[in-house]
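Q: Here the protein sequences line up with chains A and B, keeping their order. Per my numbering: the first sequence = residues 1 to 304. Per my numbering: the second sequence = residues 1 to 301.
Where hints are given, some of them may not hold.
As the list claims (entries may be wrong) - Straight-line distance between alpha carbons at most 20 Å, and here's what the computed SDA-like set of lysine to any residue pairs gives: (1) B:61 to B:98; (2) B:131 to B:188; (3) B:192 to B:218; (4) B:131 to A:48; (5) B:131 to A:222; (6) B:61 to B:75; (7) B:61 to B:48; (8) A:48 to A:36; (9) B:131 to A:209; (10) B:61 to B:203; (11) B:61 to B:36; (12) B:131 to A:14; (13) B:61 to B:78; (14) B:131 to A:12; (15) B:131 to A:77; (16) B:131 to A:59; (17) B:131 to A:18; (18) B:192 to B:203; (19) A:209 to A:219; (20) A:48 to A:22; (21) B:131 to A:35; (22) A:48 to A:35; (23) A:209 to A:227; (24) A:209 to A:120; (25) A:209 to A:226; (26) A:48 to A:18; (27) A:48 to A:72; (28) B:192 to B:210; (29) B:192 to B:207; (30) B:131 to A:13; (31) B:131 to A:10; (32) B:192 to B:124; (33) B:61 to B:39.
Because the hints were derived from the structure by calculation, they are not lab data.
Here is what each chain is made of, one letter per residue.
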Amino acid sequence: MSAFLIRRLLRFFVVCIGVSLVTFAILQASGDPIALIMPEAPEADRAKLREALGLADPIPIQFVRFVANAARGDFGRSFFHREPAFPLVVERLPTTLALTSFAVVLAVLVAVPVGIYSAVRRNTVTDHAATVVVFLGQSMPVFWIGIMLMLLFAVQWRLLPVSGWDSWASVILPSVTLGAFTTPLFMRIVRSSMLEVINLDYVRTARAKGVSEWIVICRHALRNAALPIVTVIGLQFGLLLGGAVLTESVFAIPGLGRLLVRSILQLDFPIVQAGVFVLAMTIVTANLIVDVLYVYLNPTIRLR
Amino acid sequence: MAVTVSRDAPAYDAPVRVASGSRAWRRFAFNPAALTGVLILLIVVGAALAAPWVAPHDPAKQSLLRRFTPPVWQAGGNAAYPLGTDQVGRDVLSRLIHGARISLLVGVSAVVVSVLLGVTAGLVSGFMGGKVDTIIGTIVDVNLSFPQILLALAFVAALGPSLVTIIVVIGLTGWERYVRVVRGEVMALREKEFVEAARAIGVSRPRIIFRHVLPNTVSSIVVLSTLQVAQAILTEAGLSFLGVGSGRAYPTWGQMISLGRDFVTVAWWLPTLPGLAILLTVLAINLVGDRLRDALDPRAV
Numbered sequence: 001m002s003a004f005l006i007r008r009l010l011r012f013f014v015v016c017i018g019v020s021l022v023t024f025a026i027l028q029a030s031g032d033p034i035a036l037i038m039p040e041a042p043e044a045d046r047a048k049l050r051e052a053l054g055l056a057d058p059i060p061i062q063f064v065r066f067v068a069n070a071a072r073g074d075f076g077r078s079f080f081h082r083e084p085a086f087p088l089v090v091e092r093l094p095t096t097l098a099l100t101s102f103a104v105v106l107a108v109l110v111a112v113p114v115g116i117y118s119a120v121r122r123n124t125v126t127d128h129a130a131t132v133v134v135f136l137g138q139s140m141p142v143f144w145i146g147i148m149l150m151l152l153f154a155v156q157w158r159l160l161p162v163s164g165w166d167s168w169a170s171v172i173l174p175s176v177t178l179g180a181f182t183t184p185l186f187m188r189i190v191r192s193s194m195l196e197v198i199n200l201d202y203v204r205t206a207r208a209k210g211v212s213e214w215i216v217i218c219r220h221a222l223r224n225a226a227l228p229i230v231t232v233i234g235l236q237f238g239l240l241l242g243g244a245v246l247t248e249s250v251f252a253i254p255g256l257g258r259l260l261v262r263s264i265l266q267l268d269f270p271i272v273q274a275g276v277f278v279l280a281m282t283i284v285t286a287n288l289i290v291d292v293l294y295v296y297l298n299p300t301i302r303l304r
Numbered sequence: 001m002a003v004t005v006s007r008d009a010p011a012y013d014a015p016v017r018v019a020s021g022s023r024a025w026r027r028f029a030f031n032p033a034a035l036t037g038v039l040i041l042l043i044v045v046g047a048a049l050a051a052p053w054v055a056p057h058d059p060a061k062q063s064l065l066r067r068f069t070p071p072v073w074q075a076g077g078n079a080a081y082p083l084g085t086d087q088v089g090r091d092v093l094s095r096l097i098h099g100a101r102i103s104l105l106v107g108v109s110a111v112v113v114s115v116l117l118g119v120t121a122g123l124v125s126g127f128m129g130g131k132v133d134t135i136i137g138t139i140v141d142v143n144l145s146f147p148q149i150l151l152a153l154a155f156v157a158a159l160g161p162s163l164v165t166i167i168v169v170i171g172l173t174g175w176e177r178y179v180r181v182v183r184g185e186v187m188a189l190r191e192k193e194f195v196e197a198a199r200a201i202g203v204s205r206p207r208i209i210f211r212h213v214l215p216n217t218v219s220s221i222v223v224l225s226t227l228q229v230a231q232a233i234l235t236e237a238g239l240s241f242l243g244v245g246s247g248r249a250y251p252t253w254g255q256m257i258s259l260g261r262d263f264v265t266v267a268w269w270l271p272t273l274p275g276l277a278i279l280l281t282v283l284a285i286n287l288v289g290d291r292l293r294d295a296l297d298p299r300a301v
């Protein structure tokens, strides 16, 4: 167990360095950031600023400095807002995480019962209908789902606000949008995990000794299917945050995703780097927690 | 490499094995869902290839007198513009037909980039093992640590949006699946008698890879890349929705949705129809890919 933890933590740090390298590369890819900060200045002034910001140093030195600063949460000042980038990013993170959490809760509430039902009643009409929903759901762009829901519920029937994030009513459409994007992914995982265990010997034994079907499913099958479900949901976190970015753009939600998209289009690199870094760290940490939990929850690995 | 579970649809996780050609083909051909998929794809590909000849109008031709003409089945519709016109009077049908070109071109080319990179990395990783394997595994882990759409958006914006940039960047975000599949296949095959026999008679390493190992991974790669084309089309749509398309000059479905959203209250068809085009195309590819996997699986009856 502890050997595993040490190896896993080591990999965590290596991946963190890799993440920093990619984040660092975003600015390098743009060519000359000074031209963006002061587009009209003469070359002499540019050179002075380049010197002052340390952009004239060799790339490896710049990278080491970037990592050292990033570790302290210093990504420089936003080109556009003229204030430190990191606090601007952190300020908006809770909104994005809230949206993602609502969507996950919705998706779990729908996907788990439906997934279980279609695994247990395999090849019935309900199972086929669920499969159709999964296929359709995975073939729709999440932002289009959002616009279609907006068209129906906000424009046509005027039941909910078109956009924003300032009341409970305004939270519904974005959450349902991201939830609708997430549900098919989860449903597929739940169904296939349940199918894996449902015909195993111990489930058959439980059934044979007369345990009611409901208890067989919940206590014997679901419990053992839960582990892969949790793992895959943890690994889908990056995809979910990507979906959140698009959903925020559709509904004009003041979250991290919308800030980042705007900053990317304005080439405001300090904010872009801080935001991409924070999101990647969230994902890396989530993966670490899932891996450790997996080992902890799985007795066949824990007891070895 | 500890990452064994894909972040995308679990469709990619299922193992793929080769079944004999004709039986696989029969299994594929007699499936109504797959046939529907093929039919839709034929129409979309045909429309994309023949766009300048089948599109009823010039997709860029504006006509302010005809702004917001609704589709033909609605009151005020005009048979000359069957799917209506947009905010500057351009024909929606013609723009959809031309938009198919970008979606398919980007989707297929990005997957080619992913396949080249991923298969090479997977072969190297599986054959060399040890340090090289660890390094490639770490790169895959790092790649999986970003919300792909955001990373792609950042790099496309930084490098300057162009069709080539978009294709390469989308390709770079989707290659790790091939590493996992090919690496696993190589590791399993490495110990097989026929590879060992080849090595024993002095066949060189590249020759073993290209003549003996690679052919065995082909069907897995075909299935994975079919499904990835669907993903790449969705990513491209997402990028052009967010505003870094391949330029304003040529219509793309994502960009049509993005522009149409602003007129959602007056012209429902503007954001709706391009989304339906994406849905149909991606659904068709997913149906074909899914069926292809089942058909190529020798264990299925």
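Q: Give a verdict on every hint.
A: Hints, verified against the model:
no., hint, in the structure
1, B:61 to B:98, "holds (13 Å)"
2, B:131 to B:188, "holds (19 Å)"
3, B:192 to B:218, "holds (17 Å)"
4, B:131 to A:48, "violated (43 Å)"
5, B:131 to A:222, "violated (39 Å)"
6, B:61 to B:75, "violated (23 Å)"
7, B:61 to B:48, "holds (19 Å)"
8, A:48 to A:36, "holds (15 Å)"
9, B:131 to A:209, "violated (52 Å)"
10, B:61 to B:203, "violated (62 Å)"
11, B:61 to B:36, "violated (34 Å)"
12, B:131 to A:14, "holds (14 Å)"
13, B:61 to B:78, "holds (16 Å)"
14, B:131 to A:12, "holds (17 Å)"
15, B:131 to A:77, "violated (39 Å)"
16, B:131 to A:59, "violated (26 Å)"
17, B:131 to A:18, "holds (16 Å)"
18, B:192 to B:203, "holds (15 Å)"
19, A:209 to A:219, "holds (14 Å)"
20, A:48 to A:22, "violated (27 Å)"
21, B:131 to A:35, "violated (41 Å)"
22, A:48 to A:35, "holds (13 Å)"
23, A:209 to A:227, "violated (25 Å)"
24, A:209 to A:120, "holds (19 Å)"
25, A:209 to A:226, "violated (23 Å)"
26, A:48 to A:18, "violated (31 Å)"
27, A:48 to A:72, "violated (26 Å)"
28, B:192 to B:210, "holds (16 Å)"
29, B:192 to B:207, "holds (16 Å)"
30, B:131 to A:13, "holds (17 Å)"
31, B:131 to A:10, "holds (15 Å)"
32, B:192 to B:124, "holds (18 Å)"
33, B:61 to B:39, "violated (30 Å)"
When held up to the earlier numbered hints, the structure conflicts with 4, 5, 6, 9, 10, 11, 15, 16, 20, 21, 23, 25, 26, 27, 33 and fits the remainder.
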